[in-house]
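Please model the entire structure based on the sequences and the hints provided.
Which chain is which? The protein sequence lines are A and B, in order. With the working numbering applied, the first sequence covers 1 to 735. With the working numbering applied, the second sequence covers 1 to 676.
In short, the hints are calculated from the structure, not lab data. Quick caveat: nothing in here was measured; it's all calculated off a predicted structure. Using N, Cα and C, we set each Cβ at its ideal position, and we do this for glycine too. Wrong hints could be hidden among the right ones.
Said to hold, decoys possible - Have a look at the derived ranges for each label pair, beta carbon to beta carbon: (1) VAL731/A / THR286/B: 33 to 39 Å; (2) HIS558/B / GLY710/A: 43 to 49 Å; (3) ASP273/A / THR286/B: 55 to 61 Å; (4) GLN71/B / LEU705/A: 58 to 64 Å; (5) SER618/B / LEU459/A: 58 to 64 Å; (6) GLN649/B / GLU214/A: 52 to 58 Å; (7) VAL267/B / LYS54/A: 53 to 59 Å; (8) PHE702/A / LEU658/B: 29 to 35 Å; (9) LYS377/B / SER711/A: 35 to 41 Å.
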Amino acid sequence: MAALYEGYTLCGLVPTQNPPESGIQGIELDRDDDRVLVTDSTRSVTVYKVSDQKPLGSWTVKQGQFISCPAVYNSQTKEYVAVTNDNVIRVWKTEDVNIDQAFKATVSAEIYRVHSVPDYEPVVLFRRGGVRYLDSLLTAPQQPIEEVLLEDEVIRWSTMVRTEQQLLVLFSSEQRGKHFLYVQRFSPNTLVKHQLEAGPHLSAPLSYAATFREEHIHLLYWFPNGSVYESVLPARHPAPAAAEEVQALPRSLLLQLPIGEGELRSASALPLDEAHVAVVGVSHPSAGTGKDYLCLWNTHFQTLQASRELAGKIYGQVWCYYGKLFVTHGKTLSVIPFECQKSSLAAALGKLKQTRTNESKGPALVPSWNTLPHGDKPGKSRGVTTRRTKLSSKHQITTIEQLTCTIQQGPVEEVEQKVEMFLIGAEQAEQQLAVGRLVCELVARCRAEPSFYPRVSLLQLADTRYLCHSVCPGLLTLALEKKDFRLCQVCLQLFPDIPEAITCACLKVILGIPDAELECVALEPDSLHLMKALTQGPVPSNDDGGEHNGFCPAPLEEDGGGSTAPDAKVTPAPLDTSDRGTKPCKDLPAIYMDCPVGLHKGALLNEVLQTAYSDSLLLPYLKDLTVTQVILFLQYLQFLYLKYSQDVLPQIQALRMPAVTQIMEWVCLLLDAHFTVLVLAPEAKHLLSGLHKFVKSQVKLFSELGKIEGSLQVLKNSKQSHQTGQYSIEVVELF
Amino acid sequence: MGEFTVHRVRFFHYMPSAVRALAFQPQRQKIAVARTDGSLEILNRADHLFQEKVIPGREQRGTEALAWAGQRLFSAGLNGELVEYDMQELREKYRLDASGGPVWTLTCNPQGTRLAVGCEDGTVKLFEVCDDGIQFERNLAKQKGRILSLSWHPSGSRLVAGMAGVIWVFDAGTGQSVHRLLVERGTGAPRSKECVVWSVVCLSDGTIVSGDSSGNVKVWDGDTGTLIRNHQVTKWDVLALSVSQDETSLVAGTSEGTVVQFQHLSVVLGREDKEWVQTRTFKNHTHDVRAVLELDTAVVSGGMDTQLVVRPLLDKIDVKTSASALRKIHFPHRRLVSCSRTARLLLFQHRIHLELWRLGESEGTGDSLPIKRKPEKLLHLKTKGEEHICCSALSPCGGWVVVSTVTNLRLYRLQCDETISITKVSKLPKVVSSANQICFSSDSSYLFTASTCSSVHVLALSQSGCTFVCTLKPKSCKRTYNWPEFLVSASRTVGHCVLDLVIVCVQAYCTVPVYSSGVTAMSINPATNNLFMVHADQQIFEFSLEQKQYTDWSRLVHRKGLHPQWLERDTPVTNVTFSPRNPAHVILHDMYMFCIIDQTLPLPERNSQLVNQLTLRSLPEKERRAHSHAFKICKTFKELLFVELLEDQSLVVIERPLLDITAQLPPPVRQKKFAT
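In structure tokens form, the structure reads like this:
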């Protein structure tokens, strides 16, 4: 998973004459990871210390001159390099006060950019495509520079990539609507020209980015219609014969971003690692157009991982250095730290998914992964599809546009009817694309119009299993607001990517609602069956012996006798003191406790327990729970844990049930989040001591098991050595 | 290399005896080990703990205590006699009755001039060590009860004696007792059972440390006679104590099989006043630890479980070397088995008898072959007298058996066709009265016995009997070689390349250059007349007797260096033989593996895998050639006593599983263990 952290402002932007530009030409890395070199669009270069948000030094060129490309830091000579007036190279050091008095050299051709990566000599790229190392250029500034590009060809973008052994300069050019990519390699100098594929609806690419990983250069470029393409180039020298001609560059669709109406104008995409892309200038899929967001997308799973709304105008500029994104928006340059964890299917689906459920419905849980970008039709082997196709011939199929119109205006009944018809009629692939949009529209309408709530439609749409939280972020919160717990349950079951904040919100609502209110909600029968089985566990009888899973309550009481002597009256099951105060529960072992919550609440809590989460992200939200909620939840978890330790577990036949590790992790998280509160709260005391006793007995049991394991191991080993007798004749082969 | 039929023999019921006493000679780094059967072993600590010398014991005479007086070694036992050993001739020099009943303890003063003997009758007797023997000097004040432990004050002026329930401090000059320290029974011990002080140590500052049967290590102030500190280290007995030379560390051996270390440390950092603090516990024994030695960098311990454990104290050294690794010595570093290649006979040497076995036969194929004929025990040959067997040999043809004790050598003519008949060769030449090493020439026509004064006697064997040929005597007896090593080398060297030697002249043919480490096994390749030697530091040499120089292969080995894993092995090679079919194949073995060296193949690279048989097995046929090297090591068989290649290319492997040895030991002290 990826996350954006709280950002901060590095500096304000100087207003420029021509509004679509931000006022910043470029941001380059300075000598360490906490310093950046910001070149503004006119005349000055400033070094900032990022963590302190303050400038360390600034240099300005004379009136009449302008800086024509972003200044870079040459880590080899520890100097700054900038180009003024297109053909004058300026080199200065930190100590130099005035840039005009520093070293300068005029070259014979116009410079496009200077590129520098740490530990390598900077490279100068000329407007006409020539490339020189800076040091060789400065030794003979007036050397003739060859013209690589054709007459009306213009460089649009360039970058320098460091591979394992060498440097590569990549630049793209445009000539009469055709786009080319040049790859310049050094020693031996080779230049390879590739032509970018141009689709029928594609105009000029909006932004490019190139990264090197696994011996290949991955070029990322995206078009105003929201499609991000990736091309892979070998980093090594290509075969010499192929160098002469223009090669077509194969590409693959990496990501299709929802862009709403119209085309994108100023936007940029930046690959953060192999699976994550930062995108700036595209609206959030659920928010309306007109608002600009910084989004982190996972390209493997096509999921939105994190987003941040940016105030003010977006210029489509984004840089990334050492885990920080630099974004210009409005009148500020913001620094937003981020974190991308290694993306895996398990992380995307949630590590806490039970294997059983994964086996049965695993593939369906990932709605758009692997199917959308490549346009593959999903297998039509499912029985439902045939029924749907039959029905589709009878009904007049409503198109999505018609349906959206209905959703925006029509009454609840009509909407529900239309949606049902659409779901019956539409092809599977079509549904997959449309369901998300429909839900977004419905949620938007519900928000705008509090009386409007198409309960049935939402449930049907959620049941298609094509949804996930990033497709329709408002659905679960809406269901919570409307107290639609059936929908809540479905979402909790089916969404693999519910943010921890929402999970916690669900938990809070579920814990806060009275049991009576929940009893009337129709929940999934299987989950209720599980709860019934749990609450109707075998009634303890005296001849039973009372020993379960090695847990013997009688000696335990003796153990704890010293410490709990003052409150000896405390019943082992603290919950039912009020209900059956008449009967002293001394003889009732501590492992038998009643379910502290109703069946329905328990069923919903089970769903929460089975959602995917990352504990460090969940912890802060868990702190929002009130003391009573925490205690109730802990009691329920203890109840589950006790039940699981008894032998009722194998008797329960349920499709989905929380695993014992999930229960333990939640207990740990709750204790962690509310440690001080629980210590101080008097009502938590019994609960905690009961829990501790049980855990202690389990620890004892496992330590005994460990000892037995050692003995058995010895027995096993000793058996092997006694196989041979006093004399045997064997054959040994030596090689 | 191909397939080998392996006769896996486990019917040699070799049983080592328990370690009773240890003594260390710091100047020459020798450790003397006394075992309960009366035998004595000398280990050289400077030479990879190689067992240099063995003096066989005798029935009915166990050793209780050992003491070095300078270079001389004395022992005493419950038969009441003191013995001095002749380290050159490997036999007892003389024995002397201490006339005080059974002797329980013996100690020599640090100056090496006086021996103190603790006797059953309650006397401590002092003997003066003279040049040619020992002389009774005086009795110290007689006490009631037996003297069980003794320790000299490093100055030699005082003597501390441990008894049942009491420790006495004597003035060595006047012979009167200075202090009487009462040792209390442990709590809970029965009234009738007195606390026995098994071991005492007197330190130079007057402190006395005692170990007793109630499991305590007590620290006493020797000047005032008060108990300073008591450490309860075990529920059972503390049997042995040993202090390091600088008196900063002390180890105690207990009946539980643990060795507990104490260190003299200041309790508060930077303060001068120091205390004896219990620091570490080592558990390497299953039975009583009867003897311990603290050697500053290592703790040597031995006991009822017959093994000798060297536990290094170099814990802070990260680099794994032979000095920092734990070593356990289970088996003697010499051969107890001899084998007749052609007659398929095995001769096992026990303490007082020999066993002759004929190997079984099999037919069929597969990993484990069905046995057609079971192995047969042909002979059980008991020696006369009480002396233990020193060495024995079976001739390659299977027709002769020779066995020697310290005083007596017997030669037998053996005929085992259908019936077994054995006849003793009666008239042996008088010179050949005993031997330390015996071997036959490869065609069984000559017998070589290495005996006293570095001489080797040569006997010619024939149907009619044996005749004395000559005595080989090195011209310069005083060489840097130690005596028994030289004997080994002499006997075996000459043993094989006999004929031309004897016929040409009765002079040393040539001398192999001296090497610092002792020879653990050597043999002459009958096909090439190369002498193959393996040393205690695991180095390998091959010496051409014809050219009188090291062979090219040997030079190559030393130029390139042996593989580090080869050098790290901690048990010496105890036998070298050659393949009768391919003279380039040399077969070596130590306790954990046997190895066939193919001299035609390249040596293993330093960073490659040494034990690579499993890897080679997994490779396809074509790639094996590229990966194989000269050392073909097989670790399938463990705890090896002997490996030999028979005439028909089948191997004989004699295993003695340590578990079987442990099973024959008396039960250890009872300890509660889980699941027992």
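Cross-check of the supplied hints:
Evaluation of the 33 to 39 Å hint for VAL731/A and THR286/B yields a pass: the beta carbon distance comes to about 35 Å. For HIS558/B and GLY710/A, the Cβ-Cβ distance of about 47 Å falls inside the hinted range of 43 to 49 Å, so the restraint holds. The given range of 55 to 61 Å is respected by ASP273/A and THR286/B, whose C-beta atoms sit roughly 58 Å from each other. As the Cβ distance of GLN71/B to LEU705/A is approximately 59 Å, the hint placing it in 58 to 64 Å holds.
Checked against the given bound of 58 to 64 Å, the beta carbons of SER618/B and LEU459/A, roughly 59 Å apart, stay inside it. A hinted range of 52 to 58 Å holds for the C-beta pair GLN649/B and GLU214/A, which are about 54 Å apart. One distance hint, 53 to 59 Å for the beta-carbon pair VAL267/B and LYS54/A, holds here, with the actual separation near 56 Å. At about 34 Å, the CB distance of PHE702/A to LEU658/B agrees with the hint of 29 to 35 Å.
Between LYS377/B and SER711/A the C-beta distance comes to about 38 Å, which sits within the given range of 35 to 41 Å.
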